[in-house]
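Asks: The residues making up each chain are set out below.
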Amino acid sequence: NAGVTQTPKFQVLKTGQSMTLQCAQDMNHEYMSWYRQDPGMGLRLIHYSVGAGITDQGEVPNGYNVSRSTTEDFPLRLLSAAPSQTSVYFCATWDGVITEAFFGQGTRLTVV
Amino acid sequence: GNSVTQMEGPVTLSEEAFLTINCTYTATGYPSLFWYVQYPGEGLQLLLKATKADDKGSNKGFEATYRKETTSFHLEKGSVQVSDSAVYFCAPNTGNQFYFGTGTSLTVIP
Numbered sequence: 865n866a867g868v869t870q871t872p873k874f875q876v877l878k879t880g881q882s883m884t885l886q887c888a889q890d891m892n893h894e895y896m897s898w899y900r901q902d903p904g905m906g907l908r909l910i911h912y913s914v915g916a917g918i919t920d921q922g923e924v925p926n927g928y929n930v931s932r933s934t935t936e937d938f939p940l941r942l943l944s945a946a947p948s949q950t951s952v953y954f955c956a957t958w959d960g961v962i963t964e965a966f967f968g969q970g971t972r973l974t975v976v
Numbered sequence: 836g837n838s839v840t841q842m843e844g845p846v847t848l849s850e851e852a853f854l855t856i857n858c859t860y861t862a863t864g865y866p867s868l869f870w871y872v873q874y875p876g877e878g879l880q881l882l883l884k885a886t887k888a889d890d891k892g893s894n895k896g897f898e899a900t901y902r903k904e905t906t907s908f909h910l911e912k913g914s915v916q917v918s919d920s921a922v923y924f925c926a927p928n929t930g931n932q933f934y935f936g937t938g939t940s941l942t943v944i945p
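As given, the protein sequences belong to chains S and U, one line each in that order.
Counting with this note's numbering, you get residues 865 to 976 for the letters of the first sequence.
Counting with this note's numbering, you get residues 836 to 945 for the letters of the second sequence.
By construction, these hints were calculated from the structure, which means they are not laboratory data.
From the three backbone atoms N, C-alpha and C, an ideal C-beta is built for every residue, glycine too.
Be careful, since some hints might not be right.
Residues on chain U that point at chain S, a partial pick, calculated with CB under 7 Å [to be verified]:
no.: 1; residue: 875
no.: 2; residue: 879
no.: 3; residue: 881
no.: 4; residue: 933
no.: 5; residue: 936
no.: 6; residue: 938
no.: 7; residue: 942
Partial list, computed: chain U residues near chain S (C-beta under 10 Å) [what the hints assert, rightly or not]:
no.: 8; residue: 841
no.: 9; residue: 880
no.: 10; residue: 935
Here chain S stands alone, though its shape is the one from the complex:
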């Protein structure tokens, strides 16, 4: 039982490149979210999903796309990376019934 798996753990991109951060969960949770963590800013919500086929924007969605074709997977796409997207990205999932959220180990992204 892996819980929440994020890949890759580390990534360096050049400005303008695209990439997809993967998030997979095996807990059959409906709710999934992507956060970015920056020094002094805490965790800020990028996008979230309340079930397969349903996504919505969070606090800082610009420059990111998401889709949710299955319950298990919630990939985050950067279409044209910018240095301002250098951050640590966390995926989280929960069942939507006010129980705890489970987090992946994070992806440390550097855009040069």
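Mind docking chain U on chain S? Use the hints.
Replies: Using the frame of chain S, we list chain U on its own:
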């Protein structure tokens, strides 16, 4: 809207000192309240939670009480250890989302 105000860090304490990290929130509805902890290089993990007014969440010697009248959920520990060095996040949840504070970095020195 929903927001969280958390005590700014960093906080440095000597081992066995008393710890308080303040957290107040604004939220629509009646949130459940959580404290998460992040150890260096890791993701966040649940420390404790409380789901209704006057509930006390506790774990690993940490405690926090849900104070609806003051919209607060302050984290306390009577005697910190070096192993408690981490970043602590307060996070209300109204059902749709978790809202995180900025985090408070704690360093405990021997």
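Asks: Next step is simple, just say for each hint if it's right about the structure.
Replies: Taking the hints in turn, this is what the structure says about them:
no.	hint	result
1	875	12 Å, violated
2	879	5 Å, holds
3	881	4 Å, holds
4	933	5 Å, holds
5	936	6 Å, holds
6	938	5 Å, holds
7	942	15 Å, violated
8	841	8 Å, holds
9	880	7 Å, holds
10	935	4 Å, holds
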